[in-house]
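There are 2 protein chains.
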Amino acid sequence: MSHPYTPRDLNLEDYVPNFLSQSTILAVYGIASLLVVFLIWVLSGRSSKISKIDRWLMCWWAFTGLTHLILEGYFAFSPEFYKDKSGCYLAELAGKEYSKGDSRYAARDAGVVAVEGLTAVLEGPASLLAVIAIAKGKSYSYILQLAISLGQLYGTAVYFITSYLEGDKFAASPYYYYAYYVAANASWVVIPSLICIRCWKKICSAVQLQGQKKTKVR
Amino acid sequence: MSHPYTPRDLNLEDYVPNFLSQSTILAVYGIASLLVVFLIWVLSGRSSKISKIDRWLMCWWAFTGLTHLILEGYFAFSPEFYKDKSGCYLAELAGKEYSKGDSRYAARDAGVVAVEGLTAVLEGPASLLAVIAIAKGKSYSYILQLAISLGQLYGTAVYFITSYLEGDKFAASPYYYYAYYVAANASWVVIPSLICIRCWKKICSAVQLQGQKKTKVR
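Residue numbers (my numbering), protein chains in the order written: chain G, 936 to 1153; chain Y, 936 to 1153.
Okay, chain G solo, but in the shape it has when bound (with noise of 0.2 Å):
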């Protein structure tokens, strides 16, 4: 069977194409992901302590670290999806149909293996500790966000610069370019950004009261 993927005389042996539809792929991803969204929105809602900014901030962790420990844990771990022939939704979704955005998945490239390996194993978790840490107000919530969102942007950074040094030549088409390397893929380089400003600011004056304190106890 030959696979939809480019370049062309990538070898897959014994691969098996997607039972299910694009849209049906995608649409289960989308859904499921909205339904976690409104449970965070509505659970943090129930305690007035927590912000607006905060409640969104933990609709977005839990979302993102969801995404790394389950499609980005499921890629990393399973070397064969492209032979799966059970129909398994993850394999379809994070393995047979990104990889048409970036055949490099189907491929094994070892920086794209790493640099998901480490995004499931140590950002999925720690996402969803940030869930946690800002429901409960802990002192580490600012600097948690702050150390996943750099290591977000890093494996963010070396995951195009790999790319791009090996020529950009991994999307089946325009559309896949566009649609999956490239759109899928921002939301984890504005958002991180954003939260990387945020908790800098908010660290930079905690740190400049406690040493205006420690100015004035002398």
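Zero decoy hints are in this set.
Treat identical chains as interchangeable: a pair holds within one or across any two.
Taking lysine-lysine and the BS3-like style, the derived pairs with C-alpha atoms no more than 27 Å apart in a straight line are:
hint : residue 1 : residue 2
1    : 984       : 1071
2    : 984       : 1137
3    : 987       : 1073
4    : 987       : 1071
5    : 1137      : 1149
6    : 987       : 1151
7    : 1151      : 1071
8    : 1149      : 984
9    : 1073      : 984
10   : 1136      : 984
11   : 1151      : 1137
12   : 987       : 1149
13   : 1148      : 987
14   : 1151      : 1136
15   : 1151      : 984
16   : 1073      : 1136
17   : 1137      : 1073
18   : 1137      : 1148
Just so you know, these hints were derived from the structure itself, not from any lab.
If you're wondering where the values come from, they're calculated on a predicted model, not measured in any experiment.
Dock chain Y against chain G, hints included.
Just chain Y, lined up with the frame of chain G:
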């Protein structure tokens, strides 16, 4: 001219061997690094406000920043260092000599070039800024040090994981494997980890204090 790297079938046309001996190359790097540390230690000692641990950290940031900028910067932007006939010291150290521990440097592996490029361009200047931030007691000092250290840890993780995924077969001999690939990189695992723990604690205590102050005001 046959190259000294592993795997032996790596194709490096027009390879030119080192002019300097291994001991000369390493001694120059060692002495230059010690000079930097000595200079920063002496200069920072002129201010009674800077604690001993902060003076050591300034030495580390100056050393690591110059290593990132000069060595890793040279490597990232010199794809043909292995053809160098001029006896350029940086080509000999950052390129030809280190490739004995990891031939992916000579082979321009995309993962290695991406990590080294990010390290040189972002973490190099940021490390030098950290020297100034500590000296001037800036409120962003801890968060900057934590951000760079996380970047160093992430980069080192990608560096080791990609090598592992590709079979860990890039050292010319067990000697170069342990001396260059393992030992030379170990500092960038141990020291950033310690700095992360320290900065994390400092930031948490500052945020906690700010929280207590806000509660009092209420």
